[in-house]
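Residue numbers (the numbering used here), protein chains in the order written: chain A, 1 to 430; chain B, 431 to 743.
Hints were generated in silico from the structure; no laboratory data involved. Honestly, I wouldn't trust all of these hints.
Taking CB as the label site, the calculated pair distances span [unchecked claim]: (1) B:519 with A:191: 45 to 51 Å; (2) A:296 with B:611: 53 to 59 Å; (3) A:164 with B:462: 47 to 53 Å; (4) A:253 with B:647: 29 to 35 Å; (5) B:455 with A:223: 47 to 53 Å; (6) A:133 with B:519: 43 to 49 Å; (7) A:164 with B:532: 54 to 60 Å; (8) B:613 with A:223: 36 to 42 Å; (9) B:674 with A:16: 48 to 54 Å; (10) A:227 with B:584: 37 to 43 Å; (11) A:255 with B:465: 45 to 51 Å.
Built from N, CA and C at the ideal position, the CB exists for glycine as well.
Residue-level listing of the chains:
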Amino acid sequence: MKPLLFTNARLIDPKSKLDQLGRLLVKQGKIAAIYLSETEKAPDDVEIIDCHGAVLCPGLVDMRVSVGEPGFEYRETIATAAEAAATGGITTMAILPNSRPAIDNPALVSLMRSKGEETGSIAILPYGALTVGCDGKEMAEIGLLHEAGAIAFTDGIKALADTRLMMQVLAYTHGFNGLVVQHPEDPSLAGRGSATRGELATILGLPSIPAAAEAIMIARDLRLAELTGCRLHFGHVSTGEGLELIRKAKQRGLPISCDTAPTYFDLNETAIGDFRTYAKLSPPLRCEEDRLAVCEALADGTIDAIASDHMPRDVDDKRLPFAEAAAGGTGLLTLLSVTLIRVKEGTLPLIDALALLTSRPAQLLGQKSGNLDIGSEADLCLFHPDQTWRVEAGNLPGRAQNTPFDNRVLPGVVLGTWKKGRQVYKRVAS
Amino acid sequence: MDDPFGQHLLGIEGLSPELITILLDQAEKYALLNRTRKTPRTLLKGRTLITLFFENSTRTRTSFEAAGKRLGADVINMSVSSSSVSKGETLLDTAYTLNAMRADLLVIRHFHSGAPALLAQKVEASVINAGDGTHEHPTQALLDALTIRRHFGYFEGLTVAICGDILHSRVARSNIMLLSSMGCRVRIVGPPTLVPLSIKKLGVDSIHYSMDEGIKNVDVIMMLRLQRERMQAGLIPSTREYFRFFGLDRRRLNLAKPEAIVMHPGPLNRGVEIDSQVADDPIQSVIQEQVEMGVAVRMAVLEKFSHIKEHHP
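Required output: the full structure, derived from the provided sequences and hints.
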């Protein structure tokens, strides 16, 4: 393979705070050089990719993804998820363990990693289950999972409710200096609720969950993290109250981090409108004040990462009465674009937005990716920040089509994606 | 008469290094006499020793019984399961009953911390703690110390790693206190769920969650038994994971000093906390010697803690 030379690229590397026009050389799958001045001489025998001023940044690192495999292949396979991810500029994704079987066994961790390698387009970082079967009853073999390559430990879409077990699991994981990820929602308050408690849920007559179910769980877990010293991360935080608790804990120096998903800073509960099941998510969409609080927490650094929270669902999972429909929306394709809306609206500088999608999640998960360091693997995303595209459920790459952003026109068109220097996605001009 | 040893042996706590040394010196003599079968069989002649075990035990009880008999005491084993205790008698009522029988020495093991101390307040006999709850097991610590001293000849400056379930271990507590007071550096090794941070206050040098790190260059490795209940309580995930990270095998043992010794209070869980190859190592494993020293130490304890009775009406 000839070396690649990206020219006329707006190089953005959040890790080194670089945002400048220049050229980037890829040799043998690795970033070999960055030329910021015209006069610097690049090698001659190269394949040139003229970026025409588009942004070239590290491939996105998505730290919260569900795939259907193993066990729910009718919803999505790793191959179809990888296709959607590449189209969305994502080159690394962390996979939740709520598959069938759950990723609670060291052999499955290795299997998931190698399945990612087989695609050639994406690195799969498996989370290990925190409890056996993600059932919240017995501690999983955290040490063995850690050794097998699990990046962190979580029951994924389920919260670990038992306080005593949560404390023990945090203490135990701390022994390996591991990271625990919690779905912050008190399950007994959540019950079978399908919308956030409030005016809209009352009007629609939907079983509801108080927004405080999030803050209650966060408050408990912050205390447990402090007691045990364990690093703790909250996934898809969506309420102002929850974020305020995290903000204060960080100010006190606790080893706490959190992410949110585009749905929680772009949509509010009105998206469920007339019982639109594609907008049924877990946690449910919140009120407008909470959405604004998430935007603020993105801007002030309380939120460490933006993750897609990709949750593939089959039409039959969604074509049901709202309360019965499965929660979750796809997100791989829209992760970058919906984040760029924050940039367009001026609440988040582009480089900070990209940091939330690349270097910061990579750092949280202890990965070397998510940056343009010389010598690192050439995982790259080339996108045009101003061009727009329309989301059309039914015609999206990948298998799952259950996007909550259907029919939206979004900024940010991915022109190409490279994994270890190999192009894994190229936009076909429409 | 000024008696440096109190009436009861309830724990290592409160036992000075001088008294510990006296006990170990005496036990050393008994160890020799035991081998030649020339123990002073009249020393405790006419004394009644009752062992009162509220928890199953084979070696400790047998060890005390052998110790008493080799010194000529009348040894009575009171089996709790067949006694009135199982009919609902309280610990204190049992104590009053035994008191009325004029027992001279009461050796008690109980599943609750502090039970021997309670008994000691109510009986005229000398109470010897043979293990109470997760509190203390003083004779085990003494026999461990004697075994160590016989190998190295001294305590000062030795590094001892105590590994495993510290949270529930009375053996660990007594050993930490004894060994640190004798000048050893004590390291604690185990998963955070089984190591209370406050254990440091007992005289621990350092706490290690990685066994490889914790046993590096130590002189003594003291393994503790892992109880199956710990898995059910969600403190550790599985025995295979426990062995992988905290089991003592040949590779790990090689991280310690070449002349390091391996100890275990028994009974062993082979393949859970200790590999057979290590447990049965003829040079480095001193597990059998610990059992032998157990009888000698208990003879010294019975001797030193029984003389008070002479002046009792």
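Here is what the structure says about each hint:
1. Under the hint 45 to 51 Å, the C-beta atoms of residue 519 (chain B) and residue 191 (chain A), about 49 Å apart, fit the expected range.
2. In this structure the hint that residue 296 (chain A) and residue 611 (chain B) lie 53 to 59 Å apart at CB holds, the actual value being about 57 Å.
3. Distance hint check: the CB atoms of residue 164 (chain A) and residue 462 (chain B) are about 51 Å apart, consistent with the given range 47 to 53 Å.
4. The hinted range of 29 to 35 Å is satisfied by residue 253 (chain A) and residue 647 (chain B), whose Cβ atoms lie roughly 34 Å apart.
5. At roughly 51 Å, the beta-carbon separation of residue 455 (chain B) and residue 223 (chain A) lies within the given 47 to 53 Å, and the hint holds.
6. Separated by about 46 Å at the C-beta atoms, residue 133 (chain A) and residue 519 (chain B) satisfy the suggested range of 43 to 49 Å.
7. Restraint check, residue 164 (chain A) to residue 532 (chain B): a C-beta distance of roughly 48 Å breaks the suggested window 54 to 60 Å.
8. The hinted window of 36 to 42 Å between residue 613 (chain B) and residue 223 (chain A) holds, with their beta carbons roughly 40 Å apart.
9. Residue 674 (chain B) and residue 16 (chain A) have their C-beta atoms about 39 Å apart, which leaves the hinted 48 to 54 Å range violated.
10. Under the hint 37 to 43 Å, the C-beta atoms of residue 227 (chain A) and residue 584 (chain B), about 40 Å apart, fit the expected range.
11. Between residue 255 (chain A) and residue 465 (chain B) the beta carbon distance is about 57 Å. The supplied range of 45 to 51 Å is therefore violated.
Against the hints set out earlier in the document, violations occur for numbers 7, 9 and 11.
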